[in-house]
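Going down the list, the sequences are from chains A and B. To convert a position in the first sequence, counted from 1, into the numbering used here, add 553. To convert a position in the second sequence, counted from 1, into the numbering used here, add 553.
These aren't lab readings, by the way, just hints derived from the structure by calculation. Errors might be hidden in some of the hints.
Identical chains share a label here; the pair holds if one copy fits it or two copies do between them.
To be verified - Taking lysine to aspartate or glutamate and the DMTMM-like style, the derived pairs with C-alpha atoms no more than 25 Å apart in a straight line are:
id, residue 1, residue 2
1, Lys-687, Glu-676
2, Lys-561, Glu-711
3, Lys-793, Glu-585
4, Lys-583, Glu-711
5, Lys-647, Asp-777
6, Lys-657, Asp-643
Since the structure is predicted, the reported quantities are computational estimates derived from the model, not experimental observations.
Protein chains: 2
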Amino acid sequence: MITEEKYKKLYNKERQIIDTRLASLLKNRKPESLYEPSAYLLGNPGKRIRPFLTLLSAKAAGSSFGKVYNAALAIEMLHTFTLAHDDIMDNADKRRGHLTLHKKYDLSTAILAGDSLLSIAYEYLLKDLGKDAKPVIATFTRSLIEVCEGQSLDKEFEVMKTVSLPLYTEMITKKTAIMLETCCTVGAQIAGASPAVVKALSGFGKNIGIAFQIQDDLLDIAGDEKSFGKNIGGDLVEGKKTYLFIKALEKADAKSKPYFTCMIKNKGIAPAEIPFYKNLYQELGVLEDAQKAISAYTNKALKNLTVIQDEDNRDLLIRLANHLIKRTN
Amino acid sequence: MITEEKYKKLYNKERQIIDTRLASLLKNRKPESLYEPSAYLLGNPGKRIRPFLTLLSAKAAGSSFGKVYNAALAIEMLHTFTLAHDDIMDNADKRRGHLTLHKKYDLSTAILAGDSLLSIAYEYLLKDLGKDAKPVIATFTRSLIEVCEGQSLDKEFEVMKTVSLPLYTEMITKKTAIMLETCCTVGAQIAGASPAVVKALSGFGKNIGIAFQIQDDLLDIAGDEKSFGKNIGGDLVEGKKTYLFIKALEKADAKSKPYFTCMIKNKGIAPAEIPFYKNLYQELGVLEDAQKAISAYTNKALKNLTVIQDEDNRDLLIRLANHLIKRTN
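Start from the sequences and build out the full structure, keeping to the hints where you can.
Rendered as structure tokens:
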């Protein structure tokens, strides 16, 4: 059995290794005008959940961490590439307390550093591949394709009046969940897992990814400002079509509906209105709906783990899932 | 022997097939907000030199066109991805007479359509690969890495006072020549060529690529405005560190040097000054220098072709090289 303490010890150890390797892998590359901004971006402290999940997935499929370490770093770079370009599209000033790339440098640098990180991601992925390269590259590439599609859908949502729950689910599956799914699939594929194990681990990653995004939507309104690291109610201010918003619009009665229609029309609300809208959400019970959806997707994710024979390896993935879902930030 | 007529017939035929396939390959993909702009970009009529070179290289290495067609399209998509992002960085309004993506749509769409084209490029490349995937993906990825480095160097040049000829050559090798090199390498690799043949064809592609870029620099001042499709002297107006400029600065005497220093200081010249600077270039003989360099790199490229046994296949590559170099647009 893997205790919480044991899990945390392993996570902290690997996170440090991941950080160290990410911090050094662009060193000595030229030109500096390209790799210095990329290194800044990669150095932005993250939870490194994706590479850690890749390691655990490979381990669950019978491999050592060492066999997939470069692939794990590659997925973190793929993720970081999406952040750089998303931040430009969202015109974001900061990410995790640090200036975004296009604010610290300029637009050209941010576009190019993103592109370059993606190129280095493929380079690192290849390091862990041999004759098995094709299916793994296909998984990684599918992830890149879907992330672009998901981001495009998300941009579409900004100008759409209403968004259906299935379309929302498609968007977060492509924009967020695909990346966690890819961690699991790539880890399992490089480990040489059977198709059944690859499929199960992919299913785990995908569903935990969907739960993770709905949790993100929930934290925007129910989270603790300090540990969340973003302003509470930011999604409301921006008029984002989140899980909560979609459910609220679905459940709204004659009394509350005009407030949501107004929010759509004005593409958001004033910060002063956040408590009022939070109250509306509470009255409509959409915070509980979100919580239920998170539980449902988490359970769906965990069911996949029955194929993993080794109890410890299964425990590690369960603990990671619980950390992802119970996180407050 | 391949006559000019026969070459042109083959080129026109394949160009049409390439155009047709590029025009259809994003159809029916969703979301439209992503793939419609990407399709617009891919449909922008180009000479399709890169995919054609990929086909010819594979043929020279003993393969049929059919075996590398998807890879050929992949390289055109990789090239088109770079154009989309370069146009943003250069704040270009038009390309080949068509509005650039960020002008026709918006910044976010242009970034994302570029990213997406790159993702589809990898998808198409994989279609032509089997157990041999790794080295081909490595070639393609190296190309992506170097294109980013080359573009970054090119941006650096904008704020540098002087650029040495070796640094200029490094920049164009990475930004331009690598892509033609990749066409040849990928074509030869998928064809299953021996390392010696792969190396020779790569060398052909690289050197013809360098010649191609110097030719581009030369056409900016010596070309025919109508067929060149750009304004003559545009590089001078923008103060670009071209082959001609670097050579001119190198050869300038006390009388002419201040004009170039002034151009550096002002980051370009006024359009009315173009004839004056063209005259300076002529006096310093840098148009001839460029022509000589083009010939030297072309000869270096062609020497590589001695490894190609089949005369017709060799002729096709020679004809393509001559077309690239003798082009007026």
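Under a CA distance limit of 25 Å, which applies to Lys-793 and Glu-585: within one copy, between copies, both, or neither?
Close across copies (21 Å), not inside one copy (37 Å); limit 25 Å.
Go through the copies and call it for Lys-657 and Asp-643: within, between, both or neither, with a Cα cutoff of 25 Å.
This pair counts as both: shortest intra-copy Cα distance 15 Å, inter-copy 19 Å.
Evaluate Lys-647 and Asp-777 at a C-alpha cut-off of 25 Å and name the case that applies: within, between, both or neither.
within (19 Å within a copy, 48 Å between copies)
First find the shortest C-alpha distance between Lys-561 and Glu-711 inside one copy, then the shortest across copies, and answer within, between, both or neither for a cut-off of 25 Å.
neither (39 Å within a copy, 49 Å between copies)
Within a copy, between copies, both or neither: which one fits Lys-687 and Glu-676 at a CA-CA cutoff of 25 Å?
For Lys-687 and Glu-676, the Cα distance is within 25 Å both inside one copy (14 Å) and across copies (10 Å).
With identical chains, the pair Lys-583 and Glu-711 could be close in the same copy or across copies; at 25 Å between alpha carbons, which is it: within, between, both, or neither?
Intra 39 Å, inter 17 Å, cutoff 25 Å: inter-copy only.
Checked against the numbered hints given earlier, the structure breaks only hint 2 and satisfies all the rest.
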